[in-house]
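Chains as they are written, first to last, in the numbering used here: chain A, 1 to 235; chain B, 1 to 248.
Derived by calculation from the structure, the hints in this document are not laboratory data. Wrong hints could be hidden among the right ones.
Derived lysine-lysine pairs resembling BS3-like cross-links, with alpha carbons at most 27 angstroms apart [what the hints assert, rightly or not]: (1) B:LYS122 / B:LYS87; (2) A:LYS107 / B:LYS30; (3) A:LYS142 / B:LYS9; (4) B:LYS42 / A:LYS107; (5) B:LYS30 / B:LYS42; (6) A:LYS84 / B:LYS9.
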Amino acid sequence: MADTKTLDKSQLEEKKPLFGKRERRLITDPINDNNPITVQVLGICSALAITTQVSPAVVMTLAVIFVMGFANLFTSLLRHSIPKQVRMIVMLIIIAFLVTVVELSLKAINYPIYQELSVFIGLIITNCIIMGRLEAFAMADKPWPSFLDGVGNAMGYGAILIIVAFFRELFGSGSLMGWELFGPGEQFMINTDAHWWLSWYMPNNLMVLSASALFVIGILIWIHRAWNRKLIDVS
Amino acid sequence: MHSTSYVVKFILIVSTVVALVLASMATLLKPIHDRNEAIANKRSILFAVNDFLETPVRQMSDDEVLEIFESQIEQIVTDIDGNVLSKEEVQERGYPGGMAEHVNLGRERRKPLNEQIFPVFKFQATDQVLTIVSVRGNGLWDEIWANVALKPDLNTIAGVAFGHRAETPGLGAEINDNPRFAQQFQGTRLFDEEGNFRSVRVVKGRATDEYHEVDGVTGATVTNDGVTEMFNRGLQYYFDFFDKTKVQ
Numbered sequence: 001m002a003d004t005k006t007l008d009k010s011q012l013e014e015k016k017p018l019f020g021k022r023e024r025r026l027i028t029d030p031i032n033d034n035n036p037i038t039v040q041v042l043g044i045c046s047a048l049a050i051t052t053q054v055s056p057a058v059v060m061t062l063a064v065i066f067v068m069g070f071a072n073l074f075t076s077l078l079r080h081s082i083p084k085q086v087r088m089i090v091m092l093i094i095i096a097f098l099v100t101v102v103e104l105s106l107k108a109i110n111y112p113i114y115q116e117l118s119v120f121i122g123l124i125i126t127n128c129i130i131m132g133r134l135e136a137f138a139m140a141d142k143p144w145p146s147f148l149d150g151v152g153n154a155m156g157y158g159a160i161l162i163i164v165a166f167f168r169e170l171f172g173s174g175s176l177m178g179w180e181l182f183g184p185g186e187q188f189m190i191n192t193d194a195h196w197w198l199s200w201y202m203p204n205n206l207m208v209l210s211a212s213a214l215f216v217i218g219i220l221i222w223i224h225r226a227w228n229r230k231l232i233d234v235s
Numbered sequence: 001m002h003s004t005s006y007v008v009k010f011i012l013i014v015s016t017v018v019a020l021v022l023a024s025m026a027t028l029l030k031p032i033h034d035r036n037e038a039i040a041n042k043r044s045i046l047f048a049v050n051d052f053l054e055t056p057v058r059q060m061s062d063d064e065v066l067e068i069f070e071s072q073i074e075q076i077v078t079d080i081d082g083n084v085l086s087k088e089e090v091q092e093r094g095y096p097g098g099m100a101e102h103v104n105l106g107r108e109r110r111k112p113l114n115e116q117i118f119p120v121f122k123f124q125a126t127d128q129v130l131t132i133v134s135v136r137g138n139g140l141w142d143e144i145w146a147n148v149a150l151k152p153d154l155n156t157i158a159g160v161a162f163g164h165r166a167e168t169p170g171l172g173a174e175i176n177d178n179p180r181f182a183q184q185f186q187g188t189r190l191f192d193e194e195g196n197f198r199s200v201r202v203v204k205g206r207a208t209d210e211y212h213e214v215d216g217v218t219g220a221t222v223t224n225d226g227v228t229e230m231f232n233r234g235l236q237y238y239f240d241f242f243d244k245t246k247v248q
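Work out the full structure, taking the sequences as your base and the hints as a guide.
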């Protein structure tokens with residue numbers, strides 16, 4: 001039959017690898033060399049607000065990964081049909097839509113965490129990293145790389161969030177993920193009141209206040225730049 | 001550039017799709033949300049009698065909370081004069097559930113005093129009946145509230161659970177986050193030996209009066225004063241109810 005003999009030319013085109021070099025860089029770049037918080041210094045406001053404890057920071061990270069990945073994906077899918085005049089509004093609708101999905105699901109799945117994060121989940125909408133990635137990447141690239149770029153940036157953001165939360169919870173309340181490690185009182189694993197040499201220790205209340213997040217982030221930026229030679233003289 | 005009519009059409013379609021998806025999601029999840037909210041509210045009430053429960057509230061499963069509320073708690077709604085309201089009367093005041101747990105004090109305190117209603121929970125502990133009442137006042141940033149469990153003499157406090165909307169973490173929010181603050185209230189009394197109402201005051205520095213003072217949270221003067229004010233005012237709303245219960 002003639003039909004079977006005609007070559008389907010679309011099959012000849014080389015398929016791009018699902019996780020090629022570029023795709024891998026899209027994920028790893030924002031975690032280290034182009035971190036949204038420590039290098040681009042974006043998204044600071046939520047990094048101050050929800051880093052007093054590790055577990056809300058982890059939930060926030062997951063929420064941002066979801067919102068950013070899919071916001072990038074949807075924007076990229078629609079990129080040819082979005083009218084340039086109103087692209088910002090369309091992006092905002094997409095982000096707000098995804099954030100509401102997260103909020104509604106979290107309220108159904110884990111109510112205590114929802115109560116703890118309620119305001120800040122809503123504030124993902126104003127997280128400038130997301131808008132920045134939509135505008136800079138998803139409007140100009142294919143869906144799959146856009147999705148990876150979103151996930152990568154959210155992971156870079158989340159990594160810093162969790163590191164900051166680790167230090168603030170450890171030194172602010174003497175606990176990690178709600179496990180009480182050291183502090184004054186019998187509920188802690190190491191009771192510093194009764195300890196033979198830690199009795200001078202008091203949990204530092206400053207670490208619980210948002211100002212301390214700025215100090216921690218500042219120190220992180222310093223360490224990051226000292227350690228990653230590529231970042232020297234970038235800005 | 002796209003034409004204006006294209007822009008309008010595009011926005012309309014995108015908004016409609018998003019609105020439909022979100023609306024149906026919210027409707028589908030509403031029963032779960034309501035259930036979660038109700039359980040969170042029940043937990044906050046049970047928290048006042050945490051020490052009288054077999055398992056601490058935090059470790060209880062949702063079903064256990066519902067079970068205890070079903071079997072060990074009697075719900076009463078009272079007005080400022082101590083009259084007990086029937087379920088229908090509560091429903092008429094805008095609470096379709098009609099039970100004490102549905103009464104929203106935040107909404108009630110905006111009404112004139114003689115129209116307000118107050119929730120009371122009678123908790124059947126192993127050897128005594130504890131009366132849990134709710135008070136609400138203002139902290140530094142927004143509302144604070146507390147569920148206060150009273151011993152059968154309606155004088156000694158058996159336990160208190162605090163809540164707040166927006167107090168500062170590490171400072172005012174310690175009323176809720178630091179269990180030691182609420183623990184201090186255990187054993188304090190509302191009345192002195194002559195039967196005069198003294199309430200419980202949150203003081204700076206060290207509390208000297210074992211029965212009527214507790215230590216305040218460091219650096220949270222406004223929240224501390226808010227707690228003092230809330231106890232002093234909010235508990236008085238229940239006095240007529242207490243008098244009528246004692247007579248019976």
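So, going through the hints one by one against the coordinates:
1. Taking the CA atoms of B:LYS122 and B:LYS87, the gap is near 16 angstroms; set against the 27 angstroms cutoff, the hint holds.
2. Between A:LYS107 and B:LYS30 the CA atoms are separated by roughly 10 angstroms; this keeps the pair inside 27 angstroms, and the hint holds.
3. A hinted pair counts as satisfied when its Cα atoms are at most 27 angstroms apart, and A:LYS142 with B:LYS9 qualifies at roughly 24 angstroms.
4. Straight-line distance between C-alpha atoms of B:LYS42 and A:LYS107 comes to about 17 angstroms, which keeps the hinted pair within the 27 angstroms bound.
5. A C-alpha spacing of about 18 angstroms is found between B:LYS30 and B:LYS42, which places the hinted pair at or below 27 angstroms, so the restraint holds.
6. Of the supplied pair hints, the one linking A:LYS84 and B:LYS9 holds, its CA atoms being roughly 14 angstroms apart against a limit of 27 angstroms.
Hint compliance for this structure: no hint is broken.
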